[in-house]
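Those sequence lines, one after another, are chains A and B. For the first sequence, my numbering begins at 1 and goes up steadily by one. For the second sequence, my numbering begins at 1 and goes up steadily by one.
There are no misleading hints in this set.
Quick list of in silico lysine-lysine cross-link-like pairs, DSBU-like style, CA-CA up to 35 Å: (1) A:LYS160 - B:LYS235; (2) B:LYS23 - A:LYS95; (3) A:LYS160 - A:LYS199; (4) B:LYS235 - A:LYS151; (5) A:LYS95 - A:LYS151; (6) A:LYS151 - A:LYS171; (7) B:LYS23 - A:LYS199; (8) A:LYS171 - A:LYS160; (9) B:LYS83 - A:LYS95; (10) A:LYS199 - A:LYS171.
Far from chain A, some chain B residues (derived; all Cβ distances over 10 Å): (11) ARG58; (12) GLY61; (13) SER149; (14) GLN241.
Honestly, the hints are just simulated from the structure, not real lab data. Just so you know, even glycine gets a beta-carbon here, dropped at the ideal spot from N, CA and C.
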Amino acid sequence: MIWIDGVLVSRGEGGVYGERMIRGHRVWDPCRSKLAAYYYLGGEVSLEPWMRVLYLGAAHGTTVSHVSDSAEVVYAVENAYAPMRDLLAVASRRKNIIPLFADAAHPSSYAPLVEEVDLLFQDVAHPDQAGIALMNLPFLRRGGTALIVVKARSIDVTQKPADVVHEVSQKLAESGLISRRVIWLEPYHRDHAILECPKD
Amino acid sequence: MTPGKPRSLLMPSYWFGDVTGGKCTPAGSTDPEYLSRRLEGIRTEMESFCPPAWEAARDCGFVCSRGEYIRVLRELCIFRAEKALGLVAARPEQELIQMVHMRDQLDEAINLVTGRALEWHAARSPEFSRKFHALKGKRALEILLETGSPRVRGIATGMMHLSEIRADLTREIEQTAGEVIPNCTGLVGGIVAARLLAAAGGLEALARLPAGTIQVLGARTALFAHIRSGSSPPKHGIIYQYRGVHGAQKGRRGKVSRTLAAKIALAARIDYFRGERDEGFLDNARAAVERAAGGPGT
Numbered sequence: 001m002i003w004i005d006g007v008l009v010s011r012g013e014g015g016v017y018g019e020r021m022i023r024g025h026r027v028w029d030p031c032r033s034k035l036a037a038y039y040y041l042g043g044e045v046s047l048e049p050w051m052r053v054l055y056l057g058a059a060h061g062t063t064v065s066h067v068s069d070s071a072e073v074v075y076a077v078e079n080a081y082a083p084m085r086d087l088l089a090v091a092s093r094r095k096n097i098i099p100l101f102a103d104a105a106h107p108s109s110y111a112p113l114v115e116e117v118d119l120l121f122q123d124v125a126h127p128d129q130a131g132i133a134l135m136n137l138p139f140l141r142r143g144g145t146a147l148i149v150v151k152a153r154s155i156d157v158t159q160k161p162a163d164v165v166h167e168v169s170q171k172l173a174e175s176g177l178i179s180r181r182v183i184w185l186e187p188y189h190r191d192h193a194i195l196e197c198p199k200d
Numbered sequence: 001m002t003p004g005k006p007r008s009l010l011m012p013s014y015w016f017g018d019v020t021g022g023k024c025t026p027a028g029s030t031d032p033e034y035l036s037r038r039l040e041g042i043r044t045e046m047e048s049f050c051p052p053a054w055e056a057a058r059d060c061g062f063v064c065s066r067g068e069y070i071r072v073l074r075e076l077c078i079f080r081a082e083k084a085l086g087l088v089a090a091r092p093e094q095e096l097i098q099m100v101h102m103r104d105q106l107d108e109a110i111n112l113v114t115g116r117a118l119e120w121h122a123a124r125s126p127e128f129s130r131k132f133h134a135l136k137g138k139r140a141l142e143i144l145l146e147t148g149s150p151r152v153r154g155i156a157t158g159m160m161h162l163s164e165i166r167a168d169l170t171r172e173i174e175q176t177a178g179e180v181i182p183n184c185t186g187l188v189g190g191i192v193a194a195r196l197l198a199a200a201g202g203l204e205a206l207a208r209l210p211a212g213t214i215q216v217l218g219a220r221t222a223l224f225a226h227i228r229s230g231s232s233p234p235k236h237g238i239i240y241q242y243r244g245v246h247g248a249q250k251g252r253r254g255k256v257s258r259t260l261a262a263k264i265a266l267a268a269r270i271d272y273f274r275g276e277r278d279e280g281f282l283d284n285a286r287a288a289v290e291r292a293a294g295g296p297g298t
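Kindly generate the complete structure, drawing on both the sequences and the hints.
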């Protein structure tokens with residue numbers, strides 16, 4: 001990861017979403033991107049230039065553009081119409097984004113196209129976030145890591161966020177995916193945590 | 001490739017080629033359209049799934065390098081996404097959703113600007129007061145058109161023009177809704193039906209919603225306040241705007257909304273799967289809603 005005076009940046013063509021530039025680098029804002037917040041809060045699973053990434057819930061391609069700056073290739077899955085249009089615009093100018101207009105809960109629809117990846121990043125608003133992560137686990141190589149954003153409020157608004165996260169990590173553990181670390185994204189994002197799960 | 005013939009495990013197919021008897025035959029072209037059609041014939045079982053490796057495509061003779069693999073794959077995926085987006089955009093209900101959003105936005109803009117122009121007018125003529133005038137919409141604009149300030153008159157003219165556009169748009173929504181969602185429109189009118197459609201996100205989405213959800217579509221704040229802190233649950237969302245609901249006796253509105261929502265759920269399914277107006281269904285549904293509004297058990 002590239003830091004300039006304590007500010008997280010990535011190296012690439014700017015002007016994707018009006019991001020600020022510092023000395024020719026694109027500022028990666030932790031308030032806008034959960035992945036950036038993860039790095040600000042001491043997340044250690046960094047992006048490397050050789051990495052292949054599967055990104056579930058790519059949305060408008062804001063974070064994806066930074067991942068594309070830092071990794072070899074990004075498979076970006078998004079299933080909503082309006083965000084996909086923006087994502088395609090981002091992908092049209094970045095040669096290493098492979099956009100997939102598909103539902104992450106139905107991986108068989110994009111399975112023939114996605115190779116084995118080193119990092120699985122998941123940021124989906126869905127009640128069964130653990131289930132989606134497990135369904136997509138076959139794409140992750142052994143020794144790779146899954147970074148799973150748990151949006152506590154998308155799972156159950158009536159429960160305490162900490163309980164929801166505990167439940168998700170338990171469900172993952174039952175299928176053999178142990179969360180090595182939980183990072184809460186306060187103060188950048190409320191009621192969101194990232195689970196760091198290595199696959200062995 | 002023989003269509004319809006099941007592929008055995010010994011003959012795996014990849015997007016870039018087919019393996020037969022241990023030998024890989026590369027796909028005939030790197031053209032995205034050709035590859036996309038090829039892909040339609042490939043089924044994947046997630047249980048026995050093993051991701052394709054780019055090296056296999058190289059050994060197959062489909063590409064020479066990793067760079068070329070990514071380039072061809074990316075073109076294929078962009079082609080597929082653009083095609084799928086085109087299909088989505090071609091659904092007539094998507095335009096209806098935009099139209100109803102635009103109408104709401106016009107209302108908001110006209111009210112805001114008219115309100116501000118009235119304040120300006122009041123500042124110029126101290127005897128003017130908004131009290132004791134039923135200063136709604138058109139009447140307010142007419143007063144502004146008679147003011148001394150040419151600027152305020154210009155703004156009022158502009159708003160008059162927007163109001164006309166809004167009226168035309170309303171007619172157009174009613175008409176389009178009557179074609180796209182004829183049964184929902186038959187029940188609650190084009191505007192309310194189109195709003196429900198917009199809130200659900202599409203006709204298919206609306207057709208798949210349970211009646212209980214349709215009943216409180218648009219009452220998100222109240223619903224979550226209820227779930228969170230146990231305040232009383234919302235009885236109605238968007239459907240409150242239907243005359244039959246807000247015009248019903250206060251104690252009966254809950255029952256009316258419940259019945260109406262159940263009928264809208266059915267209507268949406270008829271609209272989605274059959275797409276034609278069903279007079280028999282509409283008569284029965286309207287009768288059921290009327291019974292709920294004033295039937296026995298009052």
